Each structure stands twice: as structure tokens, then as C-alpha cells.
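Engineer: Read off the chains here:
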Amino acid sequence: MPGGNLPKFGVSALKYAVLAIFAVLLAFPFYWMLIATFKQNIDLYNTDNNPFIFNLPPTLDHLKLLFLETRYVRWLGNTALVGVIVVFITLALSLPAAYALARLTGQWGQRMGIGIFLTYLIPPTLLFIPLSRIVAVLGLQDTIWSLVLVYPSFTIPFSVWLLMGFFKSIPRELEDAAMVDGLTRFGAFFRLVVPISTSGILTVVIFTFTLVTQEFVYALTFISPESQQMVGVGIPIFLVRGDVYFWGSLMAACLITSLPIALLYNIFLDRFIAGFTVGAIK
Amino acid sequence: MAVDDRKVGVFMFLPAVAYIVLLIGAPLVLAVLYAFSDARIGSVGFHFVGLENFRSILQSPSFRAALRNSVVFTVSSQIIVIVASSILSIVLEAPFRGRKFVRFLILLPWVAPISLGAIGWKWILDSIYSVITWVLVWAHIFKPYSAPMWLGEPGLAMASVVLVHSWRLIPFSTVILLAGRTSIPKEVPEAASIDGAGFWRTEFLINVPMMAPIISVAVLFGTIFTFTDMIVVYILTAGGPFDSTQVLPSLAFATGIQGSDLAAGAAISLFLVPVLIVIAYFMLRVAYRAEVA
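For the protein sequence lines, the chains are A and B, in the order given. All residue numbers for the first sequence refer to this note's numbering, where the first residue is 89 and numbers rise by one. All residue numbers for the second sequence refer to this note's numbering, where the first residue is 1469 and numbers rise by one.
So that you can see chain A by itself, here it is in the shape it has in the complex (with noise of 0.2 angstroms):
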């Protein structure tokens, strides 16, 4: 019998347990992070205990082995540092770029900007050894600079394509009209068109900002000392000393590093999944 005849309670506690099962899924190991985080250690390590339960008070031990005695506070920092600055390299070479392809070049304009959207799906798994070559003759091996460096040419093609769809809302008019007062193409640019896309701006920099802090594959590739880390290398790869795992900090580490990047990225996210999306839907 078609699902469209069952009794309406069923269908829909049917959905709430589809709903609470994918959830709970998904959601699962940031909840065992949390765990680990705050239980001692002669807890989380006997596998006669329950582990869903905290059968021994909490502990802040590895909050405060991971904040005093490892490198976490300053690969945080590094991570913010090549952030903002890839941040500012992004946003200057893509807001001019993207509004010469969504105004001034005509129809191959729009064509360009698939070839350029098109480059983001170049994935760093096929460039990561000459760009090895490329960073260490520029002498920018194990410094935070190869990133700054190679992080724009991910971050630049899907920005220019999110801000090309942008700019074309605006009504073209606009501009004319402030161009006939006597601004030029250049002024009408910098002084209208970007004050009144904050909004397409600010979703690039949030999306080049997480985009930073959840690159792996070069950081890997570039870096090797541990200082000079970017906080999604420093925590799998530091944080185990020899063969020793230091569950507890390090799960407290994925936490803390995770949530604010998870909660600042789902407010924009489905301005990012329409970027992926012009085209298919009408």
C-alpha cells in the first residue's frame, strides 16, 4: 500500500525517528569528543567502565595539558594569522575580478567565470608535489607564508564565482545613473557597487576563513616544524608524542577547534550550496 495512505501519526513518527537516527549518527563523535574531553584518565581507559557515563567526577586535566603544556594556543594563532590574510589576498584580487566578468566583458564573461569555477575543482591532491617544489625554491618551506601563498588559489576561483552571481542582482541601472553624475566605471566600482554588497562580501570571507582552517593536504605537504603548524595538522599529527595517543586533550582539542568553525559556517552555508548550485536549479 502506498506510503500516502498510511495514518498521519505514523508517517510522521516515522520521520522524527529517520530524523533522531541520522542525527544521532552524525552528530555522534563531536558527542564522544566532548566526553573524553572531561573524563580522567583512569576512567576513559578502562574498558570495564561504561564509557557513556562519567563514572569518576570530571576532569579539567586535559583542557589544561592541552593549553599549557602543547603548541595548541599557537597553532590557533597561526591559523587566524594565515586566515585574515588570505582573508584580504581573496578579497582583493576576486571582488574587481568578478564584477569585470559579471558586467563589463559581455557574454564571454560568463563563460570565463566557469572556466574559473571550474579551476576549483583542481584538487590539491594533483598539485601538492610541484607546488612542494615551487614553495622550497621560493624559500618559503616550513613557514606559514607557503600557505599564505598557495591557499588563494583555492579560495580565489569559488569567490569570484559566489560574487559574480551577486553582482549580477544588482540593477545595472544603478551604476548608469551614477556614472552619468559624473563617477567613473573604476569610482561606480569602488564606491557603490562594493559598499552595497556586504553581504556577498562577508559570505567570502567566512567561507575563505573556514576554508583556511579545514585545509589538510598542503599544510601537511609544506610544513614539517611543529610550531609553525596550522591548527588541522598540529592536532592529529602533534599531538600524539611517540606511539602515545593523548586521547582526552586531543579530543578536547578537535572540540574546541570544530565549534566555532561549525557554527560561523552553517549560518552561511546555503548562501555556498547556491554557488554550487547556479545552473541546476532555475
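It is possible that part of the hints are untrue.
As the list claims (entries may be wrong) - 16 angstroms max Cα-Cα, derived EDC-like pairs, lysine to aspartate or glutamate:
#1 B:K1568 / A:D358
#2 B:K1654 / B:E1671
#3 B:K1654 / B:E1561
#4 B:K1611 / A:D136
#5 A:K103 / B:E1561
Hints in this document: simulated from the structure, not taken from any laboratory. This one's a predicted model, so the numbers in the text were calculated from it and none came from an experiment.
Mind docking chain B on chain A? Use the hints.
Structural biologist: For chain B alone, coordinates are given in the frame of chain A:
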């Protein structure tokens, strides 16, 4: 005026294009050159060796395993992702109390950095302290200390990396499908249901065909993000045990960077290119169709 605009336009997009050409175009060319050379970390000069690198990697058992694993990894996780995200997009579509919070929980694997999520899984799948093992022992499915090692046995390790990668991609695909669903004019499925079409008929005869372009976008991106990814594999198993989870990108990293053999590493990563070209072709078709319509 128009000519002037074009000049300004070229001037405005040239810096971005130059950046992309220098940091994507040039390395891409270099990757191809390396693949035909004997470059190693520290070597100087360029020696053309023809197809030597390809001949030797094609004979290497690690490469064959990686090629096979890459296909298994990509195809199986795409199937899991598309089935799970279709179901999720259906149940998430209508508004309900707490929808925003549930959505956030569901999106977590995608919006949090994957290297950190993968470490979370490494703890969940730990050989001794795995919570999954604990539950199975508690339920008397396994005796203590005789439970399987999730990341230590070839078949299980592959299943683990596939599932963790699917876990990561399900939210991404769900959000894309949700966007597709909300763009379907509501009258069509409603009319169908008034005409007596049940849930399954409405889904498969109306919603799925109308969402075909958006489903293909989700699959195309998902395929790229899977086939070219090494993060989950690198963190969970580093390709082991015995290359059973080695994929092309992780093998390229192990060979080219960790093993200093740039030429062989570049040759291995070039095997990603055919798949990328096919995907780009289909993406262009989706984009072109939208332009015409």
C-alpha cells in the same frame, strides 16, 4: 564607452587570472613534466625518461591496490551518500520545531574540519578502547578482547574509511538536495497526490526526474571530493594494513613527498586527471543546459 568598459574589465580580472595561472596552471604543467622525468627531492636539472615512471608504477602492487581501492572507495561511498542524503532531504524538508538545531547537528560532519572529525573517529574505532567494541561486548556479540580491530583488518579498515568519508559527505549532499527539493513547484507533487499517486510514485515519477540536474551536481561534487581525497585515509589508516586502504592520493603523497620520489608521485597523481576531465565535462553540460533554458 563600450570599448573603454572592456579595457577596464580586462584590467580588473587580470590579477585574479594571473594568480590562478601561476598557482594552478603552472604546477599542473610541472606535474606532467615531473611524471616524465626522474626528479627527486634535492635533485637538480631535468632528465626526460619517457614513460619509465608509468611503466614502473603500473608494475607496482601498491599502485594496483591503490587504483582498485580508489574505485571501491569512491563508488561505495557515493552510493551510501546519495541514498542517505535523499532520505534526509525528504524528512528535513517540511518545517518542524527544533529544525534548525537538528540541521546543525546533521551538518556538523561537513562544517567541522575533516582532519579533526577523522581523529574523533580514530578514537571511536580504537583497537582497545573503541566504544563500538564495548557495546558489542556488552551485548554479548563478542567476547572481551576478541572483538575485531576496526582499522587493523583489511576488509574492516576499508569499510571504516568508506563509512567515515560518507559520514563527512552526507551533510553536503543533503543540503544540495534540499535546495533542489524546495525549488520544485509545489503544485506538481500536490496535483499528483490528489490524482491518487502515493509517496513512492510521487517520489520516483515526479520529484526524482525534476531534481535530476541537482542530483547530478551532488554526485559530481561528491565524486571529486572522494576520489581526490586523502585526509580520511591518511589519518585513520595511512593506507594500511598492507595497502588495503591505500588510494591514489595517499599513495602519491607517500611516494612523492614522504618517499622523496617526486617523479613517481606526480605520475601516480596524474591518474586522477581522467576522472576530473569526465566530471568537468558533465558539469559543463549542466551549466550549458541552464544557460540555454
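Engineer: Out of the numbered hints, which ones does the structure contradict?
Structural biologist: Hints that this structure does not satisfy do not exist here, as all of them hold.
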